[in-house]
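Chains as they are written, first to last, in our numbering: chain A, 1 to 449; chain B, 450 to 898.
Hints were generated in silico from the structure; no laboratory data involved.
Ideal Cβ positions, reconstructed from N, Cα and C, are used throughout, including at glycine.
Some clues are possibly wrong.
[Claimed, not checked] Straight-line distance between alpha carbons at most 35 angstroms, and here's what the computed DSBU-like set of lysine-lysine pairs gives:
{"id": "1", "chain 1": "A", "residue 1": "K21", "chain 2": "A", "residue 2": "K124"}
{"id": "2", "chain 1": "B", "residue 1": "K558", "chain 2": "A", "residue 2": "K21"}
{"id": "3", "chain 1": "A", "residue 1": "K55", "chain 2": "B", "residue 2": "K470"}
{"id": "4", "chain 1": "B", "residue 1": "K649", "chain 2": "A", "residue 2": "K200"}
{"id": "5", "chain 1": "B", "residue 1": "K558", "chain 2": "A", "residue 2": "K160"}
{"id": "6", "chain 1": "B", "residue 1": "K605", "chain 2": "A", "residue 2": "K177"}
{"id": "7", "chain 1": "A", "residue 1": "K160", "chain 2": "B", "residue 2": "K470"}
{"id": "8", "chain 1": "A", "residue 1": "K160", "chain 2": "A", "residue 2": "K81"}
{"id": "9", "chain 1": "A", "residue 1": "K280", "chain 2": "B", "residue 2": "K649"}
{"id": "10", "chain 1": "B", "residue 1": "K649", "chain 2": "B", "residue 2": "K626"}
{"id": "11", "chain 1": "A", "residue 1": "K109", "chain 2": "A", "residue 2": "K124"}
{"id": "12", "chain 1": "B", "residue 1": "K649", "chain 2": "A", "residue 2": "K174"}
{"id": "13", "chain 1": "B", "residue 1": "K558", "chain 2": "A", "residue 2": "K280"}
{"id": "14", "chain 1": "B", "residue 1": "K504", "chain 2": "A", "residue 2": "K174"}
{"id": "15", "chain 1": "A", "residue 1": "K55", "chain 2": "B", "residue 2": "K623"}
{"id": "16", "chain 1": "A", "residue 1": "K55", "chain 2": "B", "residue 2": "K729"}
{"id": "17", "chain 1": "B", "residue 1": "K626", "chain 2": "A", "residue 2": "K55"}
{"id": "18", "chain 1": "A", "residue 1": "K177", "chain 2": "B", "residue 2": "K504"}
{"id": "19", "chain 1": "B", "residue 1": "K470", "chain 2": "B", "residue 2": "K573"}
{"id": "20", "chain 1": "A", "residue 1": "K156", "chain 2": "B", "residue 2": "K803"}
[Said to hold, decoys possible] Listed below are several chain B residues computed to face chain A (Cβ distance under 7 angstroms; list not exhaustive):
{"id": "21", "residue": "N601"}
{"id": "22", "residue": "G814"}
{"id": "23", "residue": "I817"}
[Unchecked claim] Simulated restraints on C-beta separations:
{"id": "24", "chain 1": "B", "residue 1": "R862", "chain 2": "A", "residue 2": "D230", "range": "37 to 47 angstroms"}
{"id": "25", "chain 1": "B", "residue 1": "F794", "chain 2": "A", "residue 2": "Q101", "range": "32 to 42 angstroms"}
{"id": "26", "chain 1": "A", "residue 1": "R373", "chain 2": "B", "residue 2": "S753", "range": "21 to 31 angstroms"}
Protein chains: 2
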Amino acid sequence: MSDRMDQFRDTLGELSNRELKSVLSDTAIADLIYFWDELSEAEAIRIFSQLDLEKKVNLINELPGPDQESLITALSVEHAKVLLEEMEPDDLTDFMQAVSQEVRDSVWKSLSEEAKQETLFLLKFDEDDAAGLMTTRYLAVPATRTVAQALNWVRKSVQKVETVYYLYVVDQLKRLKGVISLREILSAMDDDRIEDIMVKQVTTVREDTDQEEVARILETYDLIAVPVVDRYNRLLGIVTFDDVIDVIRAEQTEDIYRMGGMAGGTERYMDSSIWTLVKKRIPWLTLLLVAATLTTNVLSYFESLFISATVLTLFIPTITGTGGNSGTQSSTLIIRGLATGELHFHDFGTVLLKELFVGLLIGIGLGILVVARSVVLPPFVGVWEAVSVGIALCFVVLFATLVGATAPLIINRLGFDPTVVAAPLMATLIDITGLTIYFVTARLLLGLS
Amino acid sequence: MSDRMDQFRDTLGELSNRELKSVLSDTAIADLIYFWDELSEAEAIRIFSQLDLEKKVNLINELPGPDQESLITALSVEHAKVLLEEMEPDDLTDFMQAVSQEVRDSVWKSLSEEAKQETLFLLKFDEDDAAGLMTTRYLAVPATRTVAQALNWVRKSVQKVETVYYLYVVDQLKRLKGVISLREILSAMDDDRIEDIMVKQVTTVREDTDQEEVARILETYDLIAVPVVDRYNRLLGIVTFDDVIDVIRAEQTEDIYRMGGMAGGTERYMDSSIWTLVKKRIPWLTLLLVAATLTTNVLSYFESLFISATVLTLFIPTITGTGGNSGTQSSTLIIRGLATGELHFHDFGTVLLKELFVGLLIGIGLGILVVARSVVLPPFVGVWEAVSVGIALCFVVLFATLVGATAPLIINRLGFDPTVVAAPLMATLIDITGLTIYFVTARLLLGLS
């Protein structure tokens with residue numbers, strides 16, 4: 001894909017409008033998005049103008065607000081009107097929320113009465129809820145129709161709806177009575193009645209269901225669309241899979257940022273100002289730094305100890321680093337298990353027991369390694385000192401493994417998100433306790449005071 | 450969902466078979482999977498026996514190998530035969546690969562000739578390739594048919610194919626000539642010819658395309674299914690979205706494990722033995738420990754320095770910890786940008802410049818914080834010593850930010866996966882260089898030797 005697209009981009013200036021149009025008719029929108037950022041505004045507008053209407057709409061839907069604006073404002077009023085009429089109500093609403101006040105006003109004027117009504121209806125709902133993702137262009141049929149009638153209705157409406165793969169069965173008050181997939185309709189007999197073959201137990205979401213929950217439901221039940229109902233079970237609209245994919249992506253980015261210790265939004269890196277980047281990162285670093293300085297208190301408490309045995313100082317970063325790594329590993333496993341629904345709080349005992357053995361085995365392994373290394377490679381330390389460090393490391397690893405495994409379970413049980421809370425809490429706890437374990441063990445073994 | 454399911458599980462023993470059957474007819478397979486692990490084998494077999502055939506098949510497809518085996522072997526030969534006939538060829542092939550030799554042999558005997566042929570065909574391909582995911586039950590039509598004929602064909606075949614949403618147009622040698630979506634067929638006129646309305650530029654994958662690449666293509670182009678062709682463009686089968694979801698999940702888990710520093714497979718935590726868990730974690734910890742012990746060499750080099758100013762020792766974990774955190778933040782941002790395709794190596798200059806300012810601003814902020822903290826809270830240190838630590842911390846943060854941002858770009862450019870390589874390399878580099886920066890700065894500022 002990328003080779004063909006790179007070549008296309010390089011030769012863009014040499015193509016006539018006709019050649020460009022022909023290349024574009026064979027090009028997927030996803031391929032255009034691939035290098036859209038690298039185009040000049042003039043190039044972007046030129047390509048846009050040579051796309052057919054359907055692709056224009058799809059491209060607009062995929063682009064961020066500022067790009068949408070520059071393309072729409074480059075169109076004549078007439079062309080813009082045709083394009084806006086083609087957009088799905090939910091995409092149109094997103095568009096209206098993304099562009100500037102000025103563009104919004106001029107766009108509003110050119111909308112049809114129907115589109116205005118749909119947009120106003122959708123604007124009532126919170127952007128982050130199910131209703132904020134839904135489209136009002138779904139297929140609905142009365143329960144008393146036959147399969148042949150329904151199929152005819154599908155064929156007539158196919159241009160006007162976002163998905164034809166489900167038909168929703170509603171009564172006269174628009175209350176949702178059932179659902180039937182297009183597949184089921186196709187496999188039924190022409191004179192079967194919809195009410196006899198529809199599924200009555202419909203998976204629905206409420207208008208205020210959080211969008212991440214909507215995504216989870218679509219994923220869990222392998223649905224292409226899910227209906228949104230109000231508290232009287234009246235059908236308001238449907239959320240389709242493609243709208244949810246974006247939610248899943250954004251959520252994934254957010255999770256990854258959280259694991260990396262960052263707050264706030266998921267704007268693109270290149271679009272973020274230096275100040276935005278600083279604001280995103282500094283809260284977490286500040287919190288972690290304040291926590292980390294507690295280690296100065298621990299070290300200060302044991303100061304007499306490392307004055308009499310400076311060799312102990314040499315291993316401070318090794319101890320805290322290895323403790324942190326062991327803790328991160330077990331917390332990663334447990335947090336992932338919680339996220340996929342495999343682990344629950346009632347597994348606490350099993351997890352604790354497993355990690356006890358795992359931590360002990362790994363601790364012994366790493367302890368032996370650090371002793372061997374200290375005896376064989378510089379900086380050389382006394383055998384007994386090396387053994388003390390090794391034994392201390394073993395305890396630190398064991399402790400870190402147990403904390404890493406149990407903390408997420410407890411934090412999750414208390415109703416917090418372990419991805420966010422576990423990292424700083426654990427890092428601090430492991431550093432402070434790890435250093436204490438280290439010095440206490442060494443003091444005992446080396447007979448210092 | 451979970452409340453209803455918890456209640457169902459608790460009252461399971463009291464339900465008659467008829468009541469159980471009625472509850473199950475309204476229950477989605479995803480809901481059963483939710484607590485499947487917690488059932489005894491007898492309970493599992495009882496529930497399974499009361500499901501209708503379609504749900505039996507769906508449940509079997511969702512379960513891991515050992516569970517599949519115990520359910521299948523509990524069935525009579527006759528029942529097993531009916532069930533196996535209902536399974537899609539790709540699911541059947543997966544099943545055959547997951548169960549024990551014994552079960553495989555007995556299952557093989559009860560398969561129909563057609564199912565045996567399909568399974569043998571699919572077994573020829575690598576499990577991790579496109580062909581390993583594909584089903585051979587797709588809809589194909591000749592290009593010369595009319596829309597009405599095609600629609601009739603769809604209605605006749607709907608029970609036999611995995612998806613009805615695309616029709617593939619092939620010639621007599623099974624070479625792929627085009628594709629048309631069911632939606633397009635429904636919106637066309639009855640006597641339109643398929644060849645006039647089909648899309649000729651078909652997105653395809655080859656039989657040996659890696660499964661993660663297949664997932665990426667389905668996602669990028671928002672497809673429900675993608676055709677698999679051989680090098681003569683002959684249609685071998687199709688990969689549908691639901692098969693790819695599992696690939697995406699497994700890949701996500703793998704990435705998260707890698708970020709947490711773990712090697713190897715993505716088995717479930719509760720199914721992994723202690724020894725498996727140790728083997729998964731110890732390679733990484735060993736590598737990181739060996740790298741971390743290089744800090745002992747750095748510290749040993751500066752030993753005279755912290756003997757004359759023990760206060761410097763107190764801040765060792767603060768320095769390495771904060772350096773590590775800053776580096777992790779910027780590498781997380783850059784790695785995510787690379788993964789989503791937003792960043793490329795040619796952005797190196799921009800990234801470097803941005804991170805220079807970001808690192809400097811954050812460094813100054815954190816430096817001031819650590820000075821303030823050291824003067825206000827115990828352990829109290831001299832003002833000039835605190836200022837030295839603060840300035841050193843600022844440099845360490847700046848350095849770590851730059852390394853964290855540029856290392857993934859370089860590693861990616863060299864053709865390695867930055868998620869795997871960046872973490873240990875960075876941690877070591879930042880610890881070692883950070884400590885060196887710290888001691889050199891402090892020595893200069895405090896006038897020590």
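Comparing the hints with the structure gives:
no., hint, verdict
1, K21(A) - K124(A), "violated (40 angstroms)"
2, K558(B) - K21(A), "violated (57 angstroms)"
3, K55(A) - K470(B), "violated (49 angstroms)"
4, K649(B) - K200(A), "violated (40 angstroms)"
5, K558(B) - K160(A), "violated (51 angstroms)"
6, K605(B) - K177(A), "holds (28 angstroms)"
7, K160(A) - K470(B), "violated (40 angstroms)"
8, K160(A) - K81(A), "holds (17 angstroms)"
9, K280(A) - K649(B), "violated (47 angstroms)"
10, K649(B) - K626(B), "holds (6 angstroms)"
11, K109(A) - K124(A), "holds (19 angstroms)"
12, K649(B) - K174(A), "violated (41 angstroms)"
13, K558(B) - K280(A), "violated (62 angstroms)"
14, K504(B) - K174(A), "holds (30 angstroms)"
15, K55(A) - K623(B), "holds (30 angstroms)"
16, K55(A) - K729(B), "violated (47 angstroms)"
17, K626(B) - K55(A), "holds (23 angstroms)"
18, K177(A) - K504(B), "holds (23 angstroms)"
19, K470(B) - K573(B), "violated (40 angstroms)"
20, K156(A) - K803(B), "violated (55 angstroms)"
21, N601, "violated (10 angstroms)"
22, G814, "holds (6 angstroms)"
23, I817, "violated (11 angstroms)"
24, R862(B) - D230(A): 37 to 47 angstroms, "violated (53 angstroms)"
25, F794(B) - Q101(A): 32 to 42 angstroms, "holds (39 angstroms)"
26, R373(A) - S753(B): 21 to 31 angstroms, "holds (23 angstroms)"
Of the hints listed earlier, those the structure fails to meet are numbers 1, 2, 3, 4, 5, 7, 9, 12, 13, 16, 19, 20, 21, 23, 24, in rising order.
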